[in-house]
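Trainee: All chains, please: the whole structure from these sequences, using the hints.
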Amino acid sequence: MAEWVSGNQSVRIIENKEIASGIYSLKLNAPEIAAASSSGQFINLYLENGLNLLPRPISIADADAGKGIVTLVFAVVGSGTEIIAGFKEGKIVRVLGPLGKGYDLEFAAGRSVLLVGGGLGIPPLAYAARGLNALPDTKVTAILGYRDDAFYSNEFKDFTDAVYAISETDGAVDIKFGQTGNVIDLLDHIDKNNAMIFSCGPAPMLKAVYDWADARGIPTQLSLEARMGCGYGVCVGCTVRIREKSGAIIRRKVCAAGPVFKGDELVWK
Amino acid sequence: MEMSIEIAGIRWKNSITTAAGTFSYKDSPKYYDPALLGAVTTKGVSPERWAGNEIPRIAEVTSGMLNAVGLENPGVDVYIENELQILKAAGATVIANVAGHCKEDYLTVVRKLDITNVDMLELNVSCPNVREGGMAFGVDPDAVYGLTQEIKAITAKPVIVKLSPNVTDICKIAAAAERGGADALSLINTLVGMRIDLKTGRPILANGTGGLSGPAIKPIAISMVYRVSRSVGIPIIGMGGIMTGEDAYEFLLAGATAVAVGTAALIDPQAPVRVLHELEACIEKYGKPVE
Ligand SMILES: Cc1cc2nc3c(=O)[nH]c(=O)nc-3n(C[C@H](O)[C@H](O)[C@H](O)COP(=O)(O)OP(=O)(O)OC[C@H]3O[C@@H](n4cnc5c(N)ncnc54)[C@H](O)[C@@H]3O)c2cc1C
Ligand SMILES: Cc1cc2nc3c(=O)[nH]c(=O)nc-3n(C[C@H](O)[C@H](O)[C@H](O)COP(=O)(O)O)c2cc1C
Ligand code: FES
Numbered sequence: 035m036a037e038w039v040s041g042n043q044s045v046r047i048i049e050n051k052e053i054a055s056g057i058y059s060l061k062l063n064a065p066e067i068a069a070a071s072s073s074g075q076f077i078n079l080y081l082e083n084g085l086n087l088l089p090r091p092i093s094i095a096d097a098d099a100g101k102g103i104v105t106l107v108f109a110v111v112g113s114g115t116e117i118i119a120g121f122k123e124g125k126i127v128r129v130l131g132p133l134g135k136g137y138d139l140e141f142a143a144g145r146s147v148l149l150v151g152g153g154l155g156i157p158p159l160a161y162a163a164r165g166l167n168a169l170p171d172t173k174v175t176a177i178l179g180y181r182d183d184a185f186y187s188n189e190f191k192d193f194t195d196a197v198y199a200i201s202e203t204d205g206a207v208d209i210k211f212g213q214t215g216n217v218i219d220l221l222d223h224i225d226k227n228n229a230m231i232f233s234c235g236p237a238p239m240l241k242a243v244y245d246w247a248d249a250r251g252i253p254t255q256l257s258l259e260a261r262m263g264c265g266y267g268v269c270v271g272c273t274v275r276i277r278e279k280s281g282a283i284i285r286r287k288v289c290a291a292g293p294v295f296k297g298d299e300l301v302w303k
Numbered sequence: 024m025e026m027s028i029e030i031a032g033i034r035w036k037n038s039i040t041t042a043a044g045t046f047s048y049k050d051s052p053k054y055y056d057p058a059l060l061g062a063v064t065t066k067g068v069s070p071e072r073w074a075g076n077e078i079p080r081i082a083e084v085t086s087g088m089l090n091a092v093g094l095e096n097p098g099v100d101v102y103i104e105n106e107l108q109i110l111k112a113a114g115a116t117v118i119a120n121v122a123g124h125c126k127e128d129y130l131t132v133v134r135k136l137d138i139t140n141v142d143m144l145e146l147n148v149s150c151p152n153v154r155e156g157g158m159a160f161g162v163d164p165d166a167v168y169g170l171t172q173e174i175k176a177i178t179a180k181p182v183i184v185k186l187s188p189n190v191t192d193i194c195k196i197a198a199a200a201e202r203g204g205a206d207a208l209s210l211i212n213t214l215v216g217m218r219i220d221l222k223t224g225r226p227i228l229a230n231g232t233g234g235l236s237g238p239a240i241k242p243i244a245i246s247m248v249y250r251v252s253r254s255v256g257i258p259i260i261g262m263g264g265i266m267t268g269e270d271a272y273e274f275l276l277a278g279a280t281a282v283a284v285g286t287a288a289l290i291d292p293q294a295p296v297r298v299l300h301e302l303e304a305c306i307e308k309y310g311k312p313v314e
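Residue numbers (our numbering), protein chains in the order written: chain A, 35 to 303; chain B, 24 to 314.
Hints listed in this document are in silico derivations from the structure and should not be mistaken for laboratory results.
Among the hints, a few may not be true.
What the hints assert, rightly or not - EDC-like mimics (lysine to aspartate or glutamate), calculated; alpha carbons at most 20 Å apart, straight line:
id: 1; chain 1: A; residue 1: 303; chain 2: B; residue 2: 77
id: 2; chain 1: B; residue 1: 53; chain 2: A; residue 2: 66
id: 3; chain 1: A; residue 1: 241; chain 2: A; residue 2: 259
id: 4; chain 1: A; residue 1: 241; chain 2: B; residue 2: 301
id: 5; chain 1: B; residue 1: 53; chain 2: A; residue 2: 116
id: 6; chain 1: B; residue 1: 49; chain 2: A; residue 2: 37
id: 7; chain 1: B; residue 1: 111; chain 2: A; residue 2: 37
id: 8; chain 1: B; residue 1: 222; chain 2: A; residue 2: 66
As the structure is a prediction and not an experimental result, all values here were calculated from the model.
Mentor: Here's what the structure looks like:
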């Protein structure tokens, strides 16, 4: 007998706050989702205005199963996120999730995990840090790259051994190595012993992180983005090329098999 | 309420099915029991695995969407072993949507499906990459007639021909399918559309164009169902932008015997079941549409 899943989740917004220019932290009272989610997963947020029909997939930045709260952090980049930015506390929104397959924390246990985040890819890694922090003998280092000002970096402090942040623009953040630059500049200074990487951020950054790690034999788990029609596995709108163990290249869905994939199973262009 | 219908000799519990390409039981969380619907229509299958188009394959437009998936699918053998068997085991009535680049492709898929427990076949004749005259089957009445006839000759399963709206006169294509022996028609498939990214100046979809679906196309679909239902004698499965029971009811009024829910299910996984309940309420309110 199949196990039925609720596809109709209406949840209340308990906070929607601008935490940096054009970047919002949205907290939802969503006990079911909070209890079921793990880091790297995402939820679909629907606008329900009859015009912007498609889901806005947003990664889970934190889930507190005890309080039943799910936190999302999103940037205003288009018409939909602009509308979401205007959502007020108390509003009921329709969501679906948690969706997708997140980070493999088991694989990370006992290693030195480098959380490499860029921009909006940073908040979901704080949720991974929370999970990793609970594992025995696991070292967690956050390496955060911003374009301008830092945001959501304090959320890492309780769950990591060290947090390094860097910005592409001058003097914007607490830059530990005394230079502006990107996450690769930071990675070069980090202890690589027993390391592995969880990374989330813009596609060019993921590629650079993968190349850097691959050259050093460091395993990676990377969180991808794709334009989605459904976000739950039926429309086949979001597939990427994957190299199977046999060497065969097949396509798999970012929304269902991912969004987190092992770096060495991806076929890079 | 008694909602059952008969279409091409097959009894459906009610007049709702899923639209091809917007439903999968195997690859999705289980949001509802597929046996609740009149039938479920599965994604287009080809003789072999098809890789489909590059991404982006999806773009949003006002009250609709564009897709250019390019019929990525695992091939008919994998479909028969997996999705089909799982759906049949769950008690669903299953319509397999058949895709091909050329006539032989369709024949190969149908031969394989003919010896399975699939309930009905739906021929997707709006594929742009066919050999004959370089034109899609679905826009050429002779090609539709010829294909339908050859398919009917090799299978005992009821055959639904799915029509493209990208034609000058859809009634001509409908008539050709009927002459070829189609047991039913389904309409409409998506309309060719494009969106251009303002920043790059290039189409958002990797394929350039895509198929437009969703509420934006509903009035076109209604008018086509209205005209086709008055020009042929075989039953019609209507689709195109059905979001609610009222939309479904409107298609029945236009002349459809059954309806399919597509894009709505992408944005609300339980939409087909919701539409069914809303349709029941609608029938209670306005009465059964008379044939
Ligand atoms: C798995 C996943 C997780 C994500 N997590 C986050 C997150 O935590 N925070 C965040 O700010 N953003 C995240 N994104 C990106 C976010 O979904 C888009 O920025 C957002 O959908 C844009 O919507 P819009 O209406 O403002 O833009 P528009 O350009 O108006 O949107 C039009 C359509 O394109 C889609 N779209 C546009 N940009 C993207 C994109 N980059 N990725 C996927 N679809 C896109 C929209 O969903 C919509 O369907 C994530 C994307 C994916 C796939
Ligand atoms: C993502 C997507 C994939 C589709 N795939 C198929 C397909 O494989 N075969 C087919 O005949 N139609 C396919 N269609 C067309 C739908 O079945 C339907 O005819 C069309 O979308 C109109 O209905 P709607 O507005 O309710 O979606 C697809 C549509 C979408 C949106
Ligand atoms: S977005 Fe529909 S299958 Fe992934």
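Trainee: Confirm or reject each hint.
Mentor: Hint check results:
1. A:303 to B:77: holds, 12 Å
2. B:53 to A:66: It holds: about 16 Å lies between the C-alpha atoms, which stays within 20 Å.
3. A:241 to A:259: holds, 13 Å
4. A:241 to B:301: violated, 48 Å
5. B:53 to A:116: Given that 20 Å is the threshold and the Cα spacing comes to 32 Å, the pair is violated.
6. B:49 to A:37: holds, 12 Å
7. B:111 to A:37: holds, 17 Å
8. B:222 to A:66: violated, 39 Å
In the structure shown, a violation is registered for the earlier hints numbered 4, 5 and 8, in ascending order.
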